[in-house]
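Novice: Read off the chains here:
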Amino acid sequence: MTSTQSGPVIYVIDDDRSMRRSLRRLLKVSGWHVKAFASAEAFLAELETLGGGFLLVDIQLPGITGLELLERLQELAVPCRVIAMSGSSDATVEAQALRLGATTFLHKPFDPRVLLDALEQMAQAHEKARILG
Amino acid sequence: MPRALLIAPLVFAGPSFLKFTAPTRLAEFAALVGLLILACYAVFGIKLQVPALMLLPFVIWASIRFGVGGSALSALIVATIATLATAFGRGPFALYTPFVNALLLDVFFATLSVSGLMLASLIAEREKAEEDHEQLIRRQAMMEVRLRLAAIVESSEDAIVGQNTDGIITDWNAGAARLYGYDESEAIGEVFSTLVRSGEKSDLDFTKMSNTVSRHETVHYRKNGTPIEVSLNVSPIHDGAGRVVGISAIAHDITGRQRAAKALRESEDKLRVILNSVAEGIFGVDFEGRCTFCNKASLRLLGYDSADALLGKHMHDLIHHSHPDGTPFPAAECNHLSQVLKTPEGVHFEDEVLWRADGTSFHAELWTKAQTQGDRVTGAVVAFSDITKRIQSEENAATLRDELAHLSRVGMLGALSGALAHEINQPLAAIRINAEAALRLLEAQPLPVPDLRGALAEIRDDNQRAGEVLQHMRTLLKKDTGRLDEVEINPTVGEVVKLIKGNAVKRNIAIDVELSPWMRPIIGDRVQVQQVILNLLMNACDAVENNERSARNVGIKTIPRKGSMIIEVSDTGPGISDEQLEHIFEPFYTTKREGLGLGLSICQSIVAAHGGSLEAVRNPSVGMTFSAIFPMQSWPQDSAGPNHARPKI
Numbered sequence: 001m002t003s004t005q006s007g008p009v010i011y012v013i014d015d016d017r018s019m020r021r022s023l024r025r026l027l028k029v030s031g032w033h034v035k036a037f038a039s040a041e042a043f044l045a046e047l048e049t050l051g052g053g054f055l056l057v058d059i060q061l062p063g064i065t066g067l068e069l070l071e072r073l074q075e076l077a078v079p080c081r082v083i084a085m086s087g088s089s090d091a092t093v094e095a096q097a098l099r100l101g102a103t104t105f106l107h108k109p110f111d112p113r114v115l116l117d118a119l120e121q122m123a124q125a126h127e128k129a130r131i132l133g
Numbered sequence: 001m002p003r004a005l006l007i008a009p010l011v012f013a014g015p016s017f018l019k020f021t022a023p024t025r026l027a028e029f030a031a032l033v034g035l036l037i038l039a040c041y042a043v044f045g046i047k048l049q050v051p052a053l054m055l056l057p058f059v060i061w062a063s064i065r066f067g068v069g070g071s072a073l074s075a076l077i078v079a080t081i082a083t084l085a086t087a088f089g090r091g092p093f094a095l096y097t098p099f100v101n102a103l104l105l106d107v108f109f110a111t112l113s114v115s116g117l118m119l120a121s122l123i124a125e126r127e128k129a130e131e132d133h134e135q136l137i138r139r140q141a142m143m144e145v146r147l148r149l150a151a152i153v154e155s156s157e158d159a160i161v162g163q164n165t166d167g168i169i170t171d172w173n174a175g176a177a178r179l180y181g182y183d184e185s186e187a188i189g190e191v192f193s194t195l196v197r198s199g200e201k202s203d204l205d206f207t208k209m210s211n212t213v214s215r216h217e218t219v220h221y222r223k224n225g226t227p228i229e230v231s232l233n234v235s236p237i238h239d240g241a242g243r244v245v246g247i248s249a250i251a252h253d254i255t256g257r258q259r260a261a262k263a264l265r266e267s268e269d270k271l272r273v274i275l276n277s278v279a280e281g282i283f284g285v286d287f288e289g290r291c292t293f294c295n296k297a298s299l300r301l302l303g304y305d306s307a308d309a310l311l312g313k314h315m316h317d318l319i320h321h322s323h324p325d326g327t328p329f330p331a332a333e334c335n336h337l338s339q340v341l342k343t344p345e346g347v348h349f350e351d352e353v354l355w356r357a358d359g360t361s362f363h364a365e366l367w368t369k370a371q372t373q374g375d376r377v378t379g380a381v382v383a384f385s386d387i388t389k390r391i392q393s394e395e396n397a398a399t400l401r402d403e404l405a406h407l408s409r410v411g412m413l414g415a416l417s418g419a420l421a422h423e424i425n426q427p428l429a430a431i432r433i434n435a436e437a438a439l440r441l442l443e444a445q446p447l448p449v450p451d452l453r454g455a456l457a458e459i460r461d462d463n464q465r466a467g468e469v470l471q472h473m474r475t476l477l478k479k480d481t482g483r484l485d486e487v488e489i490n491p492t493v494g495e496v497v498k499l500i501k502g503n504a505v506k507r508n509i510a511i512d513v514e515l516s517p518w519m520r521p522i523i524g525d526r527v528q529v530q531q532v533i534l535n536l537l538m539n540a541c542d543a544v545e546n547n548e549r550s551a552r553n554v555g556i557k558t559i560p561r562k563g564s565m566i567i568e569v570s571d572t573g574p575g576i577s578d579e580q581l582e583h584i585f586e587p588f589y590t591t592k593r594e595g596l597g598l599g600l601s602i603c604q605s606i607v608a609a610h611g612g613s614l615e616a617v618r619n620p621s622v623g624m625t626f627s628a629i630f631p632m633q634s635w636p637q638d639s640a641g642p643n644h645a646r647p648k649i
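For the protein sequence lines, the chains are S and H, in the order given.
Taking my numbering, the leading residue of the first sequence gets 1, the next gets one more, and so forth.
Taking my numbering, the leading residue of the second sequence gets 1, the next gets one more, and so forth.
One chain only, chain H, in its complex shape (with noise of 0.2 Å):
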């Protein structure tokens, strides 16, 4: 029976116990049996008297470490050993009878393999329960995380749907029900791919899938009908085996983003379509100044055949590389970009010389906007245009305004000529009498010396007078006006009051000429200044011709206002009613019966170009009032003195 107790263990634990996982298990097994060896030929071999309960430990130790099956075979070991030494005569069995002998040996083998099978199926039997335990805390931790996985796949905004391989609906999640329109006791049992009666049944065809996540967008339907864009992600899933056994389907309502991206490409493509008709040159650089689009107007009025010419290049090099006049114009002297950059308002450039692909230029404007994302100046819009014919025919207007201004002066002496002949004939006539009178004085005797001074002098100082007349009118009459001046204002009120005063005279008009003694210059043209006031007088003399002769009051008067010089020409005439008032200034309209209606607008022109004003009002008592208002200017600031270029009117 003990032997039965010895071989049982070996047959169950087959070959398992001969498992070693480990190097270091193996060489600890085989020094077990080595010394268990020794320990046996201590026992058995020599007569040391040594008790056979010495092999027990040994049992034990390969009980503790190898389980049943080790306390099995060291079990065997010890027994076929001690049989076999025992057979022999030797060892502590084979004092006795060979019946003693027999039953000790039995008694031993007993003590031996009950021990020690005990304790290794002891320490099995922990080592199982812990197992247990551990396999235990595990489950429940596998289990915590599948809870935690349902959770998430149940509160996730995107529709989550399981499916076996028929494609039946096995799971629906919180966010299917809502995408869909379905609740799960509705879906699940259902064809997924029917249900939500998708275009493309491959969708979801398992079969056709391979490992990896299909992911794609498609049209599904809700339950009410209306469809739903959708982002799907469709993926198997596996058994622990690696069998395909169902589908995960995950749906993302993708409705407003594609309606947005469908919303921006419509605005964009709207955009281009404003850019390309709009007859503006648009381009936006980035804050290095380099082109990142441009309009096809841009192309035009540039030169260039495609956008790609202009697309990522540095703008100034390409189309602002020069001065005007020709001369390199380096980008690092170009402040226009950096001031751009920094005007968050924009930036307005009246007259700028672009260069096209050809070489040649044009005269352009140009309005800027800074672009920003955030507080971030990325770069900026500028919108430009060929401003050359709009140049050109400001220059031909302004030509022919000053003929115009000319022709009108001409025609105001045509009208004073007569008054103007009576002007220079006085003195000629004056000197004439003088001459012939210091000619008869010579023939006297004693020599009538201070009368023959006295007639010299006077024919001097006439023939001054008929000179200074004379050169009133040829500065009147010349086309080239004078240049910028300093005008003094009472000296040439005084001028003019010369040139029409016998004009005035003849008809009777009594022009009464007050001139303020605080009077300061003014920057202009002293031609221009005299063309307004002879216009301002001769209408006011006009005005009061009809008038009873005591009644025939013009008067003039300089007055100094702060910042401005006013010239006041009234007169005591019938005025003019409010409606003519509102078209006084504007070019052909007139109230007298001869005259084109020019005086007054070129007058208006004249004073605007001084930067002033032209105004009339209606006398409280009878007549008009007509004011000139220059401005106090200060020279310009590149120029240094006179001689600068003259108003343009």
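Bound-form chain S, shown alone (with noise of 0.2 Å):
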């Protein structure tokens, strides 16, 4: 993934067209660029055009789930930092995300600044490897 934008995108893939269109919302106004996919299918066809940027991503997806995405981008070899998220609270669903690279696990309804802040630390880290890169 190579970033042809001045910040880094966030991929929001969620079957919820309310949450898509509600983060979608929030995280321009917060100064991030947004793309969002209803399905993981829909993101792993465009995957190729896709620059580089942060997966926000739904855990209970039909089709392909949000954990099968995760672990297809690790077969794929796709390095990518990713949020995942839940609507429903299961331990093990939580930690399989983690163990596939999740970087956060959030739980619907989760708070915004929760969020927020975890795309600005991801950012600062990615910033310091790119610098360090």
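Hints are supplied without guarantee of correctness; some may be wrong.
Pair by pair, the computed Cβ-Cβ distance ranges are [as the list claims (entries may be wrong)]:
#1 S:H33 to H:N463: 22 to 30 Å
#2 S:E120 to H:G411: 41 to 49 Å
#3 S:V114 to H:S516: 44 to 52 Å
No lab work stands behind these hints: they were computed from the structure.
Glycine included, every Cβ here is placed at the ideal spot set by N, Cα and C.
Got two chains here, each in a separate frame; can you build the complex from them with the hints?
Specialist: Right under this line is the structure:
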């Protein structure tokens, strides 16, 4: 993934329309670039064309689930920072997500400020890595 | 000699000539004698020259009317007067010499008495001949009567036996020969009571009999030894002088009658035993509703000590006098009896309230049947039983089933809780994010109004979304479910699909929903209908859970049919065996590792309570299809609309 824009893009993958629309609104007003997908399949289809960014993915997706997407990305060796979200509290799912590379796991309905903080931290780490790199 | 002719007939006729049977005869006789004496005076007393033969008509009159005696007496009177007149020198016979006079007198006498007597005897002869003839005719008639009587006796079905005073048989008709088996020649001369081995010798003892006929029933024996029950009429035979000269016995075979009577008695006894041994109360009423009989159970159930309290009484007034709520129920308003009397096949009353003697009441089920004699309805028989306990246990069972259905719903929601939390968390998360976004948008200059409006609109919509899910859950969790209402099938299916969708997505199950636009509302309990849909969908999801991911398909379809609305849930799971299919609707039968096996049995009772049926079939290719068939119903007659009592499941 290569960044073509000033900041990293946040790729939102959630089958819920309300979630996609609200996240897009919040992230935009907070200064992030956002691209939203309704399914993992849609995201994977455009994967080649996408620039670098962070992944904000719902675990419970119809078809390819969030966890399967993370597995797939590992297999494809796509370096990607991930924040996972879930509407249901399932400890094993959370553990699996973290094992598959998610840095943060958010339980809906989460505090949006926690999300923004996490993104900020990820951006700083990203920046540090880029400078160090 | 002529004088002998005058006297002798009188002597012979004796006193009998004076026998006058009627006063008119006596008067006629007196007139005759008077006129004769007058005529004699005319002939002998005055000198009128009247011929002596003028007296002859009087003698002839006496002869004709009074026979020989009358003739002789009149002749004697004439002779006496003529003799005396002649002796005194008067009359026609005193004209000549004494010798000539005497001769003429004699000739006159002879003429008088001979002609009188001849005439009298001729008349007497004729009368006698007539009498003989009449007697002959009478005797013939009598003979004919006797012959007829004999024929009657002979042809009688009954045994008719004549005996003399010693009891020895003198007459033995064909009926007797048939009844006893002895023919006439064997019987005549035997002693009747010995011959038929009559138990009571006095039966035939004429000396103990009065003049009246004695009638009684006894046992006689045939020639072949078999006993016969007979009704015996014994009467004395009198002779002309009223003396008893024999006995007639008429024996009528009543063996058959006795047997029938005995059989009737036995069957009556048997019936009474049956009537009194059954648990149901049974009583009979006449066509006016008065009690004609009642068994012991009816007394026990109605709280009476003796049948006398019921017999002859109007049963409506005794046991049906009030409505269930205690208000009076006059007999004139009760059409039960008339309904029963005109329904030959009987009437069944499922739930009636009957009243006991002590004023308490109970629920009873009644079976009735009209009683007929020929074409005429004479009354009815009523059988009833106390169903209080049954109603109570039915109510208890209904309550239990309701509770079970509720538990089942709670259980299903529990199983769905993860997915349901997801359904609620999703809009809640979006709301929070939009709220945060809105707050940040307020910081911007100029104010991005369209964006703010969009955030707030989405907050409003998501809030509603979350509320709806909660509302559906709350409805399903409520113990007292809704009431009868018009239930639109398609929206109901939609709501349930919404509830289960999260769970299905999580399990990678595709739910294919196909709603017909031609569905019409059914009358039912919305929550119960939802429960059925939810249960069928959850079962279908469970069935496909272990399939390949691409083969986890569940379909729900709504189909309108003539008279009914169908909700069809199909899956592509492994299906079940024929044997399992047989038991699938039984409670506590399950093919799952978890679960009580109550879901489908509850669903079935819910659909049945709506007047429909739940059917399960194996799909031709793979999986199962369950069809809940709800009939299109109209509102119950006594209900104006919704909120009527809900269906009991």
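Novice: Now tell me, hint by hint, if it's right for this structure.
Specialist: Structure-based check of all given hints:
1. S:H33 to H:N463: 22 to 30 Å: holds, 29 Å
2. S:E120 to H:G411: 41 to 49 Å: With a Cβ separation near 45 Å, S:E120 and H:G411 satisfy 41 to 49 Å, so the hint holds.
3. S:V114 to H:S516: 44 to 52 Å: holds, 47 Å
When held up to the earlier numbered hints, the structure conflicts with none and fits them all.
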